[in-house]
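Residue numbers (our numbering), protein chains in the order written: chain A, 616 to 766; chain B, 2 to 732.
Read the hints as simulated data drawn from the structure, not as lab findings. A portion of the hints provided could be inaccurate.
[Claimed, not checked] Straight-line Cα separation of at most 27 Å, DSSO-like style, residue types lysine-lysine; simulated pairs:
id	chain 1	residue 1	chain 2	residue 2
1	A	K761	B	K204
2	B	K679	A	K761
3	B	K618	A	K703
4	B	K618	B	K538
5	A	K622	B	K209
6	B	K572	B	K194
7	A	K729	A	K761
8	B	K178	B	K96
9	B	K679	B	K613
10	B	K96	A	K695
11	B	K613	A	K761
12	B	K575	B	K538
13	B	K267	B	K243
14	B	K204	A	K695
15	B	K209	A	K761
16	A	K765	B	K679
17	B	K204	A	K703
18	B	K538	B	K345
19	B	K679	A	K729
20	B	K204	A	K765
21	A	K622	A	K703
22	A	K765	B	K209
23	B	K267	B	K393
[Said to hold, decoys possible] A short, non-exhaustive set of chain A residues, derived as facing chain B with CB atoms under 7 Å:
id	residue
24	L649
25	P711
26	Q712
For glycine and all other residues, C-beta sits at the position ideal for the given N, C-alpha and C.
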Amino acid sequence: MATFNLKINGEKHQVDVDPSTPTLWVLRDHLNLLGTKFGCGIAQCGACTIHLDGVAIRSCMTPISVVENGAITTIEGLSKEGDHPVQKAWLEHDVPQCGYCQAGQMMSAAALLKNTPNPTDSDIDDAMSGNICRCGTYVRIKQAIKTASKL
Amino acid sequence: MTQIKTQFNRRSFLKVSAAAGGGMLIGFSWLAGCTPGKKPEEMVAVPNEWFDINGYIKIGDTGLVTIYSPNPEIGQNIKTSMPMIVAEELDVDWKNVVVEQAPLNTGLYQNQFAGGSLSIRLSWNALRMAGATGKRMLLEAAAKEWNLKVSDLVASKGIIKEKNGERTVGYGEIAGKAVGIEVPEEVDLKELKDFELIGTSVKNVEGKNIVTGKPLFGIDYQREGMQLAMIQHPPSFGMKVKSFNEEEIKSMAGVKDAFIIDTTIKEPTWSDVNAFPQLIAIVGDTTWQLMQAKKALKADWEVVGELENSDMHAKRLEQALVNGEVEEARNDGNVAAAFKKAAKVIERTYSSPFMAHNTMEPMNFFANVTADAAVLVGPTQTPEALEGSVAKLLGMPLEKVTVNMTRMGGGFGRRLYVHFGLEAAAISKKIGGPVKLLYTREDDMSQGTYRPIYKSTYKAGLDENNDLIAFSVKGAGLPGGPVFPNRFPAGAVENYKAEKIKANTNISTGAWRAPRSHFTAGAEQAFLDEVAELAGKDPIDFRLELFDRALKDPVGEKYEYEAERYAGVLKLVKEKSNWGEKKPGVFRGVAAYFCHFSYVAEVIDMVMENGKPVVQKVWCAADCGIVVNPDAAKNMIQGGVVDGIGHAMYSQLTFENGAPNQLNFDQYQLMRHSQAPKDIEVFFVENEIAPTGLGEPGLPPASGALANALYKATGKRHYHQPFSSNEPIVG
Numbered sequence: 616m617a618t619f620n621l622k623i624n625g626e627k628h629q630v631d632v633d634p635s636t637p638t639l640w641v642l643r644d645h646l647n648l649l650g651t652k653f654g655c656g657i658a659q660c661g662a663c664t665i666h667l668d669g670v671a672i673r674s675c676m677t678p679i680s681v682v683e684n685g686a687i688t689t690i691e692g693l694s695k696e697g698d699h700p701v702q703k704a705w706l707e708h709d710v711p712q713c714g715y716c717q718a719g720q721m722m723s724a725a726a727l728l729k730n731t732p733n734p735t736d737s738d739i740d741d742a743m744s745g746n747i748c749r750c751g752t753y754v755r756i757k758q759a760i761k762t763a764s765k766l
Numbered sequence: 002m003t004q005i006k007t008q009f010n011r012r013s014f015l016k017v018s019a020a021a022g023g024g025m026l027i028g029f030s031w032l033a034g035c036t037p038g039k040k041p042e043e044m045v046a047v048p049n050e051w052f053d054i055n056g057y058i059k060i061g062d063t064g065l066v067t068i069y070s071p072n073p074e075i076g077q078n079i080k081t082s083m084p085m086i087v088a089e090e091l092d093v094d095w096k097n098v099v100v101e102q103a104p105l106n107t108g109l110y111q112n113q114f115a116g117g118s119l120s121i122r123l124s125w126n127a128l129r130m131a132g133a134t135g136k137r138m139l140l141e142a143a144a145k146e147w148n149l150k151v152s153d154l155v156a157s158k159g160i161i162k163e164k165n166g167e168r169t170v171g172y173g174e175i176a177g178k179a180v181g182i183e184v185p186e187e188v189d190l191k192e193l194k195d196f197e198l199i200g201t202s203v204k205n206v207e208g209k210n211i212v213t214g215k216p217l218f219g220i221d222y223q224r225e226g227m228q229l230a231m232i233q234h235p236p237s238f239g240m241k242v243k244s245f246n247e248e249e250i251k252s253m254a255g256v257k258d259a260f261i262i263d264t265t266i267k268e269p270t271w272s273d274v275n276a277f278p279q280l281i282a283i284v285g286d287t288t289w290q291l292m293q294a295k296k297a298l299k300a301d302w303e304v305v306g307e308l309e310n311s312d313m314h315a316k317r318l319e320q321a322l323v324n325g326e327v328e329e330a331r332n333d334g335n336v337a338a339a340f341k342k343a344a345k346v347i348e349r350t351y352s353s354p355f356m357a358h359n360t361m362e363p364m365n366f367f368a369n370v371t372a373d374a375a376v377l378v379g380p381t382q383t384p385e386a387l388e389g390s391v392a393k394l395l396g397m398p399l400e401k402v403t404v405n406m407t408r409m410g411g412g413f414g415r416r417l418y419v420h421f422g423l424e425a426a427a428i429s430k431k432i433g434g435p436v437k438l439l440y441t442r443e444d445d446m447s448q449g450t451y452r453p454i455y456k457s458t459y460k461a462g463l464d465e466n467n468d469l470i471a472f473s474v475k476g477a478g479l480p481g482g483p484v485f486p487n488r489f490p491a492g493a494v495e496n497y498k499a500e501k502i503k504a505n506t507n508i509s510t511g512a513w514r515a516p517r518s519h520f521t522a523g524a525e526q527a528f529l530d531e532v533a534e535l536a537g538k539d540p541i542d543f544r545l546e547l548f549d550r551a552l553k554d555p556v557g558e559k560y561e562y563e564a565e566r567y568a569g570v571l572k573l574v575k576e577k578s579n580w581g582e583k584k585p586g587v588f589r590g591v592a593a594y595f596c597h598f599s600y601v602a603e604v605i606d607m608v609m610e611n612g613k614p615v616v617q618k619v620w621c622a623a624d625c626g627i628v629v630n631p632d633a634a635k636n637m638i639q640g641g642v643v644d645g646i647g648h649a650m651y652s653q654l655t656f657e658n659g660a661p662n663q664l665n666f667d668q669y670q671l672m673r674h675s676q677a678p679k680d681i682e683v684f685f686v687e688n689e690i691a692p693t694g695l696g697e698p699g700l701p702p703a704s705g706a707l708a709n710a711l712y713k714a715t716g717k718r719h720y721h722q723p724f725s726s727n728e729p730i731v732g
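Only chain B is shown next, with the shape it has when bound in the complex (with noise of 0.2 Å):
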């Protein structure tokens, strides 16, 4: 067994006790709360009174098991899995688990946001420890209340037994003697071998209220007494507002108020990122009047910036690769003497434009600010983030601000940046009650932190038995720029030079799903299959070959990958497509890539329909070490498939005077069903490693392994995003 010291995680382990109003909390949760898709009668009864075991668990005294999931659920399944965890630990049975969404409390729990595909891997200890500390003060409990040793009995599924006897107790009846019991000092957590729960495809705690239509996100938070708002921020980055209708609007039916709010606040972070911190504010009964108010507005916008333009964009980047200012580099080698000596070189310049992150749920939020209280709830990656901003905006301190979590419409990283709470912060305090705020889809187009726009060229020289003798990378980005040095193929070639460039921008940008990397893997691994193809090597064997280098005899000091698990992936995909084999009429590309400490690999088959290219199947391998809940897992990885092969396919935001050209799906186009890949399948390899994240890894393979499929379909080769597009912005 693994024992585990508890101190680190001390804070989430209160001394059991009787739950305040529990009975009152489960009432509720009964309706409305999240079951692990069993119907009511196959659970143990409702429950009179609940115990506090920890911060992560409730129990019952009928045995029904609350757990907590910390994190916020923007799409990722994580308050399926996160509570999963606990149970295994926990050794209850997951039908008689519900699943409530846990508050925003630093003190109980860790690492309450929902980015970088870390909720999993950062939480694995302290959600396995949290199920194991519970288990361990309900066997001291029967064990002080049968006179044995805790060494004498065993649990398994939320009863407990006499190793020796006859006597048996649930979890539900002991729960209550555990109150007084000391919080063990270290707990054992069970070997992987004897995982139960974890490794089996469990369904969505929250799948019937999702096919009912309960109002779970953001948008459907609703308090009485409640009134609506919308914003409109200024056309162009580069505006401000100066002044508008005011008397005019609010004459209009149904409007309230109609105010401007400031949300500037002191020393801003990097979730604070927000082009427009003055806005139009409009506060009303219904939404429709609202949005009937903001056609009528009549704004004096005030030009304070340059007003930038996709031309002006594609020129900085190309600049930027001349000249730039270089954030970041590697050496290794003598690149120059390399491709001096090399018998064959190549290069090829890359480019994706501007986008949208463009969550089906626009931005939201409901705040009620009082003189000495704010409260908020809705949908944000950040809680954390955003109740430190609001205590800045409205000068309060920090325990005075509560920001509950509901379900998201999707994140993909724009709800990291938490400006539409401070928004709705700022109207509540004017109007001086509850309001939430709505976004229309144009107001969320329009405002965005926008996935950058990128421009990289690679090189590579082969020698006279090509072999890849050199490499090189420098990657430009509005505003930073496209390229992870230490990353494949770093370490792998021995004369190899990566330069990041950053360039400036006005246009607010950020994170958006796999950040960097959704742009460099497709760049970097459609190079790699042309280079494969100069050197007259199968693209396969041509990668694993420099992963044996990189395995072997490294080059340069560090690299941030396991090789062997990098090669790992390709040669699962390799088998499971049964590559090399040869199918009439059916082209395929691959592509592999490593970001947030997973590894995943994809094979595309595309077939031409009617002269068009349509991808038939998607093969994919993915190392994210133990996997939690299997199909899930695969849901991950399909959708960021979707994601990748549909963003590089269709998508694009240009801009013109400041303003973007796209406001709503009419003009910018997503992947829709007729365009997805006819199938997907996913595999994962087997292994014992702390699990990583799935949100985002996915996604960056899907562009290369795109482009590579495309070019053995239509014998062209695309380097530019979109590449359904004729002329792209950045050639």
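Next up, chain A with everything else stripped away, as it sits in the complex (with noise of 0.2 Å):
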């Protein structure tokens, strides 16, 4: 056990536990924020993805050692009032069916537009293929991934 400060969604959180427990458990059973989602626990699925300084991470096997000294993003914090252009779109294209995938797929699709913020098809397969949606609302990601860029 040991003890770790760490920042997420800008408010600071204090928890003491394993330094090899991954920052999703962390998250889920310390910190009671269950937005992110365990899919796969060897980062295969993405539905556990969340930002540590803008760069999108597979939580699950991102131990907490790793991101103390960082800033870490989930979807959460992606914005105060869910109107991230990512939440935005992803509403307007009534993307979800399960849902279940959803913040794991905004979460990449946010660290993508930050930095390509016209992406292409390709930029898009790129940066999503790490997340899998079992209920198949690919083409609405897309689409909504590019209704997002211009917002």
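Join these two chains into a complex; the hints should help.
What follows is the structure, given as structure tokens:
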């Protein structure tokens, strides 16, 4: 066990956990931030995607010891009012079916748009192919990313 | 106006009463519940008092209306579309509607399950009646108040007006006066042409909650004092747990308890499928500590059955096609004689492997079992079945067991089976407190109720005029055959034979989105493409000829489809896709299928990019009767297409020594963004037929259209799934 000082969605948190604990489980089990989802545990599905200093990472494979000095953003902190361009575009296109993977999809999309404000189809494929949607909302996600890029 | 008797559904209709604790309930839903995509300030105020109109409707004194969605939500969007149907008949403004998940209550609601694409189809009348009854009772209350007849009044968007006067009253103001009014014996339903909400695209009521990461799913459920649990099942089908290093596990950090549970129940039903009733359970504080404890498990597994492997499965299917037990058959005319007479004969064999459901949210459930009650909360497609099985497991009367539904991170049939709920109940009982069980992805993928492995042989005979005179299909599956003897082309071919053959396996299997249809459609539609080619006919025209025969001069006593509607979707997709138009570098495949009472035809446009086939566009035409929520309905079809193409192209589960070789998404391939169709356009046949389901019917034709487009693009026919593999498991 060790104490970690974290900065998540602009707020400071302190947790006492095993240093190997993946950030995902610190968020979910210790900090009650449940928007970040568990899908595979091996960084293959993207449901757990969060931002570390603005970069999309898979929180299920990132030990808490690695993120201590960075700024973490989760879906809960993507915007205060739920009005990040990606969130607005997701609603406009009514993207979700079950909705479980969408937090991870949106975090990957937000990170993509930050660095590539006008992504091509191939930019989108490259940035998003680590995020599986089992319901098959891929076409709408791509449309929503393009809409978000214009907002 | 259509009149409908309220009798058969009468249990749903209580007399209007003041809702107990209603204010509290809405206070909660205001923050976390589903508002139909509107900002709170655009809606009427939060009510002080609520009135239960019936099991589906609660009206607040400000005119805010709560509509309960009775069925489990797995992503098919019924939490929006079912309340839409109630709101339509109630005649209330959708922006003043709040949607709540109804509890499981067999007294108030019927068919509270998500399966067979049946939610809307089975509840269409009940939902309309609930809305219409509510409206009628409010009208009666206003009529009484004003000393008029109901026929002197009209209601629209939550306001009742006097036809020959100035007076108006809102539903919220009159709801209290409806207390004591008798439930009408008969109510008027709207004419279809008067629908204002049904047929318009309404946004998902949970949209805002989903995009802001609200805790909606079973995995997010929490209760004070709740512990966490994980299970470990034997590594192979055909194994059973004997013992494990209990003391060592219990001594690990964060582990509270570890033990073996037994979830065997008497008189199991179809939803109790479970290969591993005995499991190791570990209880503790945090998920990560439990995952560590799972890794440290050293268990003694006992072999109690055959340890099967994929070669064995392939041989069993081959054998079954030769001399397996026929479960169901159809035989029209004389197939053998017709094949002898035929000028051309073609025979092809198709196969597909076992597949896992792989819902993105792994199996989980919350349970709190005490001496005299059991409360379960979580993602289940069959809450009523779970309630029954928990009662059996605990030896508790049914009324002591409560099952509440959460939103589900996907279902696809996996959560029709209830064993993970039983496991949570067994663990809770053992520790004497509330617990949430969570599977890892590996637990989930290796303890499936898998889509069965299939193999079918199709044979067709053409006469000298290239007319189809003989058709036979023989299909085997572990455990059930993928043949629907009375579906197309039954009724359309003079000499027709279909045999559905079963064979054994101890791998647990179950319903997987569009059971059997998912494989049958692909095989049959790919085969028909080849038959059409042999006949020198256009694949759509060839099918239309067959539907024409089934319509005008059907063969045999019955068949299970409406030839006109089947042909209708093909004609619509032909028109919309400009079928027949030659586009350089674009290769097209077509398929159509009928299942779950709906008809879907699809055309796939494929292009070659860097020597690889890419799906550029998919055109879909669907006939599901009245479309309740068109954009959401399109989303369902789009998802079905991706699911169908993705699994046919990439997915398989293989076995060695009774254990699946694929345990996670690094080994089990699912379709990803870069592999998805670039565009999927969906069109609906417009008619006035009562709505049927859409959760499944979009999927089956996709694999057929894919195989046919692949042939055009590559010159190679694909018979064995997954198409991307050079060495399919079943050849």
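Verification of the hints:
1. Restraint check for K761/A and K204/B: the C-alpha separation of about 19 Å stays at or below 27 Å, so the hint holds.
2. At most 27 Å may separate the alpha-carbon atoms for a hinted pair to count; K679/B and K761/A meet this at roughly 13 Å.
3. Restraint check: the Cα-Cα separation between K618/B and K703/A comes to about 26 Å, which is no more than 27 Å; the hinted pair holds.
4. Of the supplied pair hints, the one linking K618/B and K538/B holds, its CA atoms being roughly 24 Å apart against a limit of 27 Å.
5. For the hint linking K622/A to K209/B, the alpha-carbon distance of about 25 Å falls within 27 Å, and the restraint holds.
6. Distance hint between K572/B and K194/B is fulfilled; the C-alpha atoms sit about 25 Å from each other, no more than 27 Å.
7. A threshold of 27 Å between alpha carbons decides the hint, and for K729/A with K761/A the separation of about 13 Å falls inside it, so the pair holds.
8. A distance of roughly 24 Å separates the Cα atoms of K178/B and K96/B; the hinted pair therefore holds under the 27 Å criterion.
9. For the suggested pair K679/B and K613/B, the alpha carbons sit about 15 Å apart, so the restraint of at most 27 Å is met.
10. Of the supplied pair hints, the one linking K96/B and K695/A holds, its CA atoms being roughly 24 Å apart against a limit of 27 Å.
11. Restraint check: the Cα-Cα separation between K613/B and K761/A comes to about 25 Å, which is no more than 27 Å; the hinted pair holds.
12. Taken as a hint, the K575/B and K538/B pair is honoured in the structure, with Cα atoms around 15 Å apart against an allowance of 27 Å.
13. Between K267/B and K243/B the alpha-carbon distance is near 22 Å, which keeps this suggested pair within the 27 Å criterion.
14. Pair hint K204/B plus K695/A holds up; C-alpha atoms about 22 Å apart against a cutoff of 27 Å.
15. The straight-line distance between the Cα atoms of K209/B and K761/A is roughly 19 Å, inside the 27 Å bound, and the hint therefore holds.
16. For the hint linking K765/A to K679/B, the alpha-carbon distance of about 20 Å falls within 27 Å, and the restraint holds.
17. Taking the CA atoms of K204/B and K703/A, the gap is near 13 Å; set against the 27 Å cutoff, the hint holds.
18. Using a Cα cut-off of 27 Å, the hinted pair K538/B and K345/B holds, with the two alpha carbons roughly 14 Å apart.
19. Our distance criterion of 27 Å between C-alpha atoms is met by K679/B and K729/A, whose separation comes to about 23 Å.
20. For the suggested pair K204/B and K765/A, the alpha carbons sit about 21 Å apart, so the restraint of at most 27 Å is met.
21. Annotation: proposed proximity of K622/A to K703/A holds, straight-line Cα distance about 26 Å (limit 27 Å).
22. Using a Cα cut-off of 27 Å, the hinted pair K765/A and K209/B holds, with the two alpha carbons roughly 20 Å apart.
23. For a cut-off of 27 Å, the pair hint linking K267/B to K393/B stands: about 7 Å separates their Cα positions.
24. Because the beta carbon of L649/A sits about 4 Å from the nearest beta carbon in chain B, less than 7 Å, this interface hint is met.
25. A distance limit of 7 Å between C-beta atoms decides the matter here; for P711/A the minimum to chain B is near 5 Å, and the interface restraint holds.
26. At about 4 Å, the closest approach between the beta carbon of Q712/A and any beta carbon in chain B falls short of 7 Å, and the interface hint on this residue holds.
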